[in-house]
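K.L.:
Let chain A serve as the given structure and place chain B on it in line with the hints.
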Amino acid sequence: MSISIIGAGLAGLSAALTLAEQGVACNLISAQASERAQSVMAEGGINACLDTMGENDSIENHFDDTMRGGVFLADPNAVWGLCRNAPAIVKRFYDLGVPFPVNEKGIVQRSFGGQKKKRTAFVKSSTGKMLMTSLIDEVRKYEARGLVTRLPHHRVQALHIQNDICSGVTVTDSFTDKSVPLPGSVILACGGMNGLFEGMTTGTTQNTAELAALCLENGVELANLEFIQYHPTTVGISGKRLLISEAARGEGGRLFVERNGKPWYFMEEKYPELKNLMPRDVVSAEMVSVVNMPDCGGQVYLDMTGIGMDVWNTRLSDLREQIMHYLDIDPVKKPVPVSPGIHYFMGGIWVDEAHRTSVKHLYAAGECACQYHGANRLGGNSLLGAVYGGKTAAQTALNEGKEAGDAPALKTPEPYFEATPRFRASVSQILTRYLPILRNETELKQALHELDLLEKTAQNPADVRLLRLAQAVAGCALFRKESRGSHRRTDYPETDSACQKQTVVKHNEIFYRDIPELKNHEADN
Amino acid sequence: MKLIIEILRQKDRTSEPYRQTIAYEALPDDTVATLLNKLNAEPALTDTVGAPVGTIHWQCSCLQKKCGACAMRINGTPRLACDTKLGEFIKGRLCLEPLRKFPTVRDLIVDRSVMMDNLRAIGNWLEQPAVQTEKAAQLCYDASRCLQCGCCLEVCPNFTADGSFYGAAAFVPASKVLSQLKKENRQNLPQNYRKNIYSGCGKSLSCQDICPAGIDVEQKLVNSNAVAVWKRFFKASQ
Numbered sequence: 001m002s003i004s005i006i007g008a009g010l011a012g013l014s015a016a017l018t019l020a021e022q023g024v025a026c027n028l029i030s031a032q033a034s035e036r037a038q039s040v041m042a043e044g045g046i047n048a049c050l051d052t053m054g055e056n057d058s059i060e061n062h063f064d065d066t067m068r069g070g071v072f073l074a075d076p077n078a079v080w081g082l083c084r085n086a087p088a089i090v091k092r093f094y095d096l097g098v099p100f101p102v103n104e105k106g107i108v109q110r111s112f113g114g115q116k117k118k119r120t121a122f123v124k125s126s127t128g129k130m131l132m133t134s135l136i137d138e139v140r141k142y143e144a145r146g147l148v149t150r151l152p153h154h155r156v157q158a159l160h161i162q163n164d165i166c167s168g169v170t171v172t173d174s175f176t177d178k179s180v181p182l183p184g185s186v187i188l189a190c191g192g193m194n195g196l197f198e199g200m201t202t203g204t205t206q207n208t209a210e211l212a213a214l215c216l217e218n219g220v221e222l223a224n225l226e227f228i229q230y231h232p233t234t235v236g237i238s239g240k241r242l243l244i245s246e247a248a249r250g251e252g253g254r255l256f257v258e259r260n261g262k263p264w265y266f267m268e269e270k271y272p273e274l275k276n277l278m279p280r281d282v283v284s285a286e287m288v289s290v291v292n293m294p295d296c297g298g299q300v301y302l303d304m305t306g307i308g309m310d311v312w313n314t315r316l317s318d319l320r321e322q323i324m325h326y327l328d329i330d331p332v333k334k335p336v337p338v339s340p341g342i343h344y345f346m347g348g349i350w351v352d353e354a355h356r357t358s359v360k361h362l363y364a365a366g367e368c369a370c371q372y373h374g375a376n377r378l379g380g381n382s383l384l385g386a387v388y389g390g391k392t393a394a395q396t397a398l399n400e401g402k403e404a405g406d407a408p409a410l411k412t413p414e415p416y417f418e419a420t421p422r423f424r425a426s427v428s429q430i431l432t433r434y435l436p437i438l439r440n441e442t443e444l445k446q447a448l449h450e451l452d453l454l455e456k457t458a459q460n461p462a463d464v465r466l467l468r469l470a471q472a473v474a475g476c477a478l479f480r481k482e483s484r485g486s487h488r489r490t491d492y493p494e495t496d497s498a499c500q501k502q503t504v505v506k507h508n509e510i511f512y513r514d515i516p517e518l519k520n521h522e523a524d525n
Numbered sequence: 526m527k528l529i530i531e532i533l534r535q536k537d538r539t540s541e542p543y544r545q546t547i548a549y550e551a552l553p554d555d556t557v558a559t560l561l562n563k564l565n566a567e568p569a570l571t572d573t574v575g576a577p578v579g580t581i582h583w584q585c586s587c588l589q590k591k592c593g594a595c596a597m598r599i600n601g602t603p604r605l606a607c608d609t610k611l612g613e614f615i616k617g618r619l620c621l622e623p624l625r626k627f628p629t630v631r632d633l634i635v636d637r638s639v640m641m642d643n644l645r646a647i648g649n650w651l652e653q654p655a656v657q658t659e660k661a662a663q664l665c666y667d668a669s670r671c672l673q674c675g676c677c678l679e680v681c682p683n684f685t686a687d688g689s690f691y692g693a694a695a696f697v698p699a700s701k702v703l704s705q706l707k708k709e710n711r712q713n714l715p716q717n718y719r720k721n722i723y724s725g726c727g728k729s730l731s732c733q734d735i736c737p738a739g740i741d742v743e744q745k746l747v748n749s750n751a752v753a754v755w756k757r758f759f760k761a762s763q
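Chain order of the listed sequences is A and B.
First residue of the first sequence: 1, per the numbering used here; consecutive thereafter.
First residue of the second sequence: 526, per the numbering used here; consecutive thereafter.
Hint data in this document are derived by calculation from the structure and do not stem from the laboratory.
Predicted model, so just to flag it, every value in this text is computed and none were measured.
There could be a bad hint or two in this list.
What the hints assert, rightly or not - Distance condition first, Cα-Cα at most 25 Å in a straight line; then the derived DSS-like pairs of lysine-lysine:
no.	chain 1	residue 1	chain 2	residue 2
1	B	626	B	536
2	A	141	B	720
3	B	707	A	141
4	B	536	A	178
5	A	91	B	708
6	B	660	A	105
7	A	141	B	708
8	B	707	A	105
9	B	707	A	91
10	B	660	A	91
11	A	456	B	660
This is chain A alone, in the form it adopts within the complex:
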């Protein structure tokens, strides 16, 4: 039995560790070293019901907040598994040396968007980097023992899929251009589809969306592609959007807009319970709404001037440095102009509760997979979803690999192509223009029309694949005739219970699939 993991961020490392701890060898493939994965950029924290803040938190509360935040579009059984396993995952990271601050009850937790209890464990505003450093060290132990074989500058050349069965992957060494065939099961942990919105996301340029495109071409089902998270507080910097972590609001930051010459803290007035910490889809949509009001200024500000110096020094020093470095504003003294920017893709490769894709022996985890977050992800659930998803995918691959036996030798695939920069830029321009926070049928049809026209300028097979993926994203957004979570249609402003289903794409076909019913989990407690 052989298992190859594509991607060495948090989900990929978690999968590798899960296998290695059970004495099972794997290949860990990545375009660059783990230190370059998007996971290192995650800032605010990781959610788990640790109940260390004296608020009577429970796993049920975490489950309810996650389901409600995702507007009931996530698989409830998967979410239950996520929330139930979260405390052990965070405690494990403490044992791996992540320097979480602690109080007399355990790991300290902060408030985060869409959650009624303090449930987000953190290390300042660098939580992803801290988790990654500790996990890289732990996986290194198994590299030295020969259980994890790293292929650290390799790209996927081909997925070998026939009759909905995956028999392996061929990767190319980008340093030598040599092909390496890797028969066996494959776990995809390759990140979100940033490459469809080049320069417009907060994430890495390395999450090119090319693997999602390759999956679509090979008949692997994708799902919920219309659900794209616009994070409320981002700022444009050279070549990208810079994230101002939700931790800023978790620690007391407030959003306002100038109204009749005075600051109007609109979130606090409209949502007296959670205020500035409503789920991200709600905050971003409200921001779009207030900047378009005639008596309001056209810019929303994040006011962090009320945050105490002790909090800045112990919990947000890195965030302050980042804002001063990139924006030349000291947030202790002055509000920061912010606007929503693309931060996360809730949709991706369709997986079931055990992280199986629609193709046998092919699994997916982390942001590339459509799991846990429904129509809108809560902050702090992505690091958790990556770790738990990687672990679950690896366990399923391991269980099912035993029955699979030895994989046959792989055929030599076609040469490797990357999408050309100009073509990618054209695709990105169209999607960015027609898939903002508020969408409508006319514009989505225009997007599809412009994408059709673009096809004749494609230079290679990778360009065509990327185009098909872009068409699928716009197609899903057109298909869902309701507003839910991050998908807001001005022509269908209401949430429609008949649409409480997953949007599934297979080749060029789009259809709805029912969400599984919640099983009885009483025995879990």
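P.N.:
Relative to chain A, chain B alone:
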């Protein structure tokens, strides 16, 4: 602003490097990373003598100095391309070269796998749950921020890719693990630390001010020497 850009290029690992000069209308607020992306998106870019430029190979990922991918020599200094604004070069030339301490793969891409190999060779991991103390928390946080970019090794007079001295890119991560090991488990790592770090370090501390993440490198060295060499273990973990 009119910018003259000189790039040290190389087709592959074995071919001879050559210099190519490009004149380009650039924005002072753009970073070197944005410039490279823009140059690569130009359909038919030519250099100052009319020769085609083609794709300039380089590595990047986060574009906000959190990942270390884009380290290169910029006018002779190892820096991150995403953290270097073009306005600095308004009156002169911008010279881009690959890091010299690592084998060049292609243009500005170098093979930094030796850093990963070295951390594996010294055994930089825990065998037991971490011993965490309030005193060491700040050190662990700071050490965990290491980008593995290689800038510190580039300026180190003692480091070579095939040598037995592993440099700050190893001792910074090691300082975290050393501070979190149980006393009785401190065998392999301290031993390797003495061999591959302590005995090879000339204490020039050229690594101190070059770190793009601003890690206090000297403090990590002092703490690790204390644990691995002088056996002055952190009080709180005793």
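K.L.:
I'd like to know which numbered hints this structure contradicts. Please list them from smallest to largest.
P.N.:
Going through the list in order, the structure violates hint 11 alone and respects the others.
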